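This is what each chain is made of:
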Amino acid sequence: MKTMILIRLRNTVVLLLLATLLCFTLVVSAPGNVAVLIAELRSPKSTFEQIRAVEEELGLNDPIIVRYGNWLTGAMRGDLGISYKTGESIGPALASRLHVTAILVAGGACIAMLLSFALGFVGALWPGRASDVATRVIALLGASMPSFFVGALLIYGLAVELRLLPTFGDAGLTSWVMPWMTIGLLPAAVLSRVVRVGLEEAMARPFALTASAKGLSRAQTLFKHALPNIAPSYINALGAQGGAMVVGAVVVEPLFALKGVADLFLQGVLFRDFMVVQACLLIFLTSFIVLNLLVDIGMMFTDPKLRRQGANA
Amino acid sequence: MRALQDFIGRVRELPRASIVAIGLFVVLGVLAPYIAPHDPNAQDLLSAHTGMSWEHWLGADHLGRDTLSRLIVSARTSLVGMCLVLMIALSVGVTIGTIAGYKRGWVEEVLMRLVDVGLSMPSLIVALAVIGIFGTGYWNMILALALAWWPGSARISRAVAVGIMNRPHVEALRVLGASPSRIYFRHLLPGTIGAVLVYATADAGAVALSIATLSFLGLGIQPPTPEWGQMLVDALPYLESVPMQVILPGLVLTGVVIGFNLLGESIALNRVPAPLARRVLKARRLAAAGWGKVGR
Numbered sequence: 013m014k015t016m017i018l019i020r021l022r023n024t025v026v027l028l029l030l031a032t033l034l035c036f037t038l039v040v041s042a043p044g045n046v047a048v049l050i051a052e053l054r055s056p057k058s059t060f061e062q063i064r065a066v067e068e069e070l071g072l073n074d075p076i077i078v079r080y081g082n083w084l085t086g087a088m089r090g091d092l093g094i095s096y097k098t099g100e101s102i103g104p105a106l107a108s109r110l111h112v113t114a115i116l117v118a119g120g121a122c123i124a125m126l127l128s129f130a131l132g133f134v135g136a137l138w139p140g141r142a143s144d145v146a147t148r149v150i151a152l153l154g155a156s157m158p159s160f161f162v163g164a165l166l167i168y169g170l171a172v173e174l175r176l177l178p179t180f181g182d183a184g185l186t187s188w189v190m191p192w193m194t195i196g197l198l199p200a201a202v203l204s205r206v207v208r209v210g211l212e213e214a215m216a217r218p219f220a221l222t223a224s225a226k227g228l229s230r231a232q233t234l235f236k237h238a239l240p241n242i243a244p245s246y247i248n249a250l251g252a253q254g255g256a257m258v259v260g261a262v263v264v265e266p267l268f269a270l271k272g273v274a275d276l277f278l279q280g281v282l283f284r285d286f287m288v289v290q291a292c293l294l295i296f297l298t299s300f301i302v303l304n305l306l307v308d309i310g311m312m313f314t315d316p317k318l319r320r321q322g323a324n325a
Numbered sequence: 342m343r344a345l346q347d348f349i350g351r352v353r354e355l356p357r358a359s360i361v362a363i364g365l366f367v368v369l370g371v372l373a374p375y376i377a378p379h380d381p382n383a384q385d386l387l388s389a390h391t392g393m394s395w396e397h398w399l400g401a402d403h404l405g406r407d408t409l410s411r412l413i414v415s416a417r418t419s420l421v422g423m424c425l426v427l428m429i430a431l432s433v434g435v436t437i438g439t440i441a442g443y444k445r446g447w448v449e450e451v452l453m454r455l456v457d458v459g460l461s462m463p464s465l466i467v468a469l470a471v472i473g474i475f476g477t478g479y480w481n482m483i484l485a486l487a488l489a490w491w492p493g494s495a496r497i498s499r500a501v502a503v504g505i506m507n508r509p510h511v512e513a514l515r516v517l518g519a520s521p522s523r524i525y526f527r528h529l530l531p532g533t534i535g536a537v538l539v540y541a542t543a544d545a546g547a548v549a550l551s552i553a554t555l556s557f558l559g560l561g562i563q564p565p566t567p568e569w570g571q572m573l574v575d576a577l578p579y580l581e582s583v584p585m586q587v588i589l590p591g592l593v594l595t596g597v598v599i600g601f602n603l604l605g606e607s608i609a610l611n612r613v614p615a616p617l618a619r620r621v622l623k624a625r626r627l628a629a630a631g632w633g634k635v636g637r
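First to last, the sequence lines map onto chains A and B.
Per the working numbering, the first sequence runs over residues 13 to 325.
Per the working numbering, the second sequence runs over residues 342 to 637.
So that you can see chain B by itself, here it is in the shape it has in the complex (with noise of 0.2 angstroms):
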């Protein structure tokens, strides 16, 4: 009890436009097959290009397909993704940044020139030439954006990690004997993976972004799960004569990514040690645009 207390107690100190979009959408995500009103797959070309009606409350695509339940299944499908991709690129990045800085010396050397290579690189173009080599493909697309997406989570645990190391408490484990395994997995580890997460949801609209991204290039989501970017892909060429079709499921997305920033922009500025928070805010700042992190 305590502890949810103290969770809601964090999260009102949020902004509120972050949280409900963000809670929205993680709703439906996770809610999307018990609430969407039709089987987001079923045609019914009668009503194909519909408007609002009381049966497609939000009209029906080229297909008749209902656009308010692909819209809210398509928050699990990207709901999922993200996810999955945050995930593998956490363990990657906080396994690496954390030998780094447990490490130091020419080990951490080493990982970090790796991790500013991978930084230097915008993730989208590395997300596509992996893709282009290995095929297009659900798993593919989300192996190749956490490939893209690495390196930043493990730049942050590095500086996380190096802080732990430095606090008198690890000195004193040391003094008393603690074994390198027990330092590593009992104090730096827990420490570092909690600090990263906070970064991560920051992270998580660029991710989200990516994933509409490569799926409206038809290298992502492949038909017919329903995706956002696919959608709107879709009703492109009935842009003329049904442009609700296109701007929806625009709309859903930007809706979610601006939560998505807003709670990253309150993290940088807030919930996170100052120097650190200075940089990422600065970063963040600079290369707030589509991709995350371009260039520096």
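Looking at chain A on its own, in the form it has when it is part of the complex (with noise of 0.2 angstroms):
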């Protein structure tokens, strides 16, 4: 188990340099000369001696393996480098939004749960055709909606129609709740079918008609036999859909102008800031990363087969 594990985080930590190499040849190898840019923007008439010393400043005449080891060490150390568009230090820019994009995805994976296990239950409990259909329709429905489609229809809906919500601003926790759901309720729909499905295939199986024979009845077998069993691989499905909905992110905040780390890095995109661009792409690899690694050892502690494979490695 503990190997198991410690194998993983190497993987981690390699793909972790991967991620920061991809980061660092993106911007390297960007059309246009950065000190130019970078002269522009402290004085709009800058001499070649100006423009010398901001290549200087900045170690642009370095070989590029020293480059990209000092913007390695000041990456780790938090220091991301300047915005081209407005000259602050991306760092702090960053960790002041982060929060927001948290709350967005933490809120929506919430929400995809509850729901996912709802629906999924409520198939699982009464089998039969129509649910069957139901559930089908929900997920395709899910895989195949744009996310913005969902954020205007739920505005439409809720805040234009039944005038129930804010549609964008600061009003507290009534204003989250149609982020939440527009970043929830596509994966939630997907997560469902992964919930409905398994408890089906559980449900199939000898340890299900033992459990009945001793006179469980089928909501008690589901909560306590079946549950368990779907455990790993709805784990998975949620790693994979927590990944889209760090991507949904980016539809969601500028839907309702919420300033997280998404919208920094589409606003960095529009204006070719290449700076802000790749510190948001190392903020957004890293969390995939990191959610793979938790994916991979939440796998480890429900699937008894991936257990004893651990203990004999």
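Incorrect hints may appear among the rest.
Per the computed footprint, the stretches of chain A lying under chain B, defined by three or more beta-carbons under 8 angstroms from a beta-carbon of chain B, are [claimed, not checked]: (1) 153-162; (2) 166-173; (3) 280-290.
Using C-beta positions, here's what the derived DEER-type ranges look like [to be verified]: (4) A/I19 to B/S582: 55 to 63 angstroms; (5) A/T59 to B/R445: 53 to 61 angstroms; (6) B/V539 to A/K236: 19 to 27 angstroms; (7) B/P564 to A/R89: 41 to 49 angstroms; (8) A/Q232 to B/L455: 44 to 52 angstroms; (9) B/H403 to A/K236: 52 to 60 angstroms.
Simulated from the structure, these hints should not be mistaken for lab results.
Treat the numbers as computed from the prediction; the structure is a model and nothing was measured.
Ideal placement from N, C-alpha and C gives every residue a C-beta, glycine not left out.
Two independent chains are provided; combine them into the complex using the hints.
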């Protein structure tokens, strides 16, 4: 078990290094001269000497490996360079926005989990053609609808027609409900199918028959015996959908005027502010890699087969 | 004639809903300029935000442009973009996948680790980062999406190529003295392309979604070219007064993607070698949302 986790951790470190390498090469390969951009930011009419000074200051004349090393050590200390557009340093700007995206994704994940279990259990409690078709249709919609369309429909239904919720701005908890739903509904639809199919498969296994022979009701069998069995596949799917939700923030944040990391990323992309793009990309890739690590460890804890493999290894 | 009958027979086995949706999409996309009742960019401010009428069947947007025509022409924008992205992604993916499947050994190791890294990143984030570095524009969008999509096709083509290389007739060819280039170009490549094309159709829906999302964010198709995601974001400020203009493009886009997703599922279920199908199906179920392949 311990060795397996250590192996995963080592792989994660390698992946993280690859991710930093990717972020770095992306910016190095960017067209245009960075020094000119920064020099012009400082004084509109920059001389050749000023540009040389900026080059010196940013270390653009160093060998590329030295530049990568400097950038990496800086990034580890939270120094992600300065924005070419505003001239402000990116680290603090990112730090002040991280919590917005974190709240958004965490709330969305809660909605996705609650809804998917509710829908999946309803389907498994009353099996039959109708409920099967229903979960299938919901899952298909979840995989096919664009998230910005879901957001627009929610705004129209809940804010415009029913006037229940504010569309944007900060009005406490109520202003978070729609962003959470926009980000969580589609993953919930897909996950509900995972729950439904997993429970169905577990109920067809001999232990479910034993449980009902002992006199447990269908609901009791589902909760006590079938539920633990779907944990590994559910965690796996949740990891994939969690990644999708982080990506969904890119759509949801501009839609609801939230000032999070994804919003900063989009602005960086729009203005070709390389350093901001690089910093946000690094944050995103790190979160995906860490998410995958957590999923792997979670599956190890919930799947006895994987656990036994770990004991032998 | 035989080939046509064969083709029709195969199409009949697919789910009807997906044939209708995809067929409509392709026909509209190909014939768009001929069947659109109005010029999609002709502005008529007097009829701005009018509802359904004989003149404008589905109403008009905030500049008085005919919504039905814009929806139809968007199908072409989407279809062309999708085909370009898939074509570029497939050429790169099949080349790398077949080389890995043919050479095996350390070449395969290196190429497939590269593919793994590519697959571990969500395609939309990759595409956004590439656009952020190289700027917005039609071709930059196409290339960015292709860059995000090649690892998937590379992995599938490697699996198919390994399967072909393990068949007895390839061994027989070797014994008979066929040159490597003959084996690669006459036997390996055509077989792989055929199989991978089938998978590509399943991915097409996710590509269409990405194009629409990028356009929604203002980073993909640029105005005045009509595109569904862009139509939706254009109409969003007027959501309160004319919700139809927001809902229509969203519905059409959803319909097209549903068609492709149904097709993808039926392909994964029936039409491919069993072990591969199981993996593809599992992967599709796990990562079926929005952006196709996230994480694993």
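Do the hints match the structure? See the list:
Closer than 8 angstroms: that is the beta-carbon criterion, and the stretch 153-162 of chain A has 9 residues meeting it against chain B, so the requirement of 3 holds. Here's how the stretch 166-173 of chain A fares: 3 of its residues keep a CB closer than 8 angstroms to some CB of chain B, so the rule of at least three is met and the hint holds. Under the rule that three or more residues need a Cβ within less than 8 angstroms of chain B, the assignment of the stretch 280-290 of chain A holds, with 7 such residues. At about 59 angstroms, the beta-carbon gap between A/I19 and B/S582 stays in the expected band of 55 to 63 angstroms.
The supplied range of 53 to 61 angstroms is met by A/T59 and B/R445, whose beta-carbon atoms lie about 58 angstroms from each other. At about 43 angstroms, the CB distance of B/V539 to A/K236 disagrees with the hint of 19 to 27 angstroms. Taking the beta carbon of each, B/P564 and A/R89 are about 43 angstroms apart, inside 41 to 49 angstroms as hinted. Checking the proposed 44 to 52 angstroms range against A/Q232 and B/L455 shows it holds: the Cβ atoms sit about 50 angstroms from each other.
Range check, B/H403 to A/K236: Cβ separation about 57 angstroms, and the 52 to 60 angstroms hint holds.
Figure legend: structure checked against the earlier numbered hints; the only hint not met is number 6.
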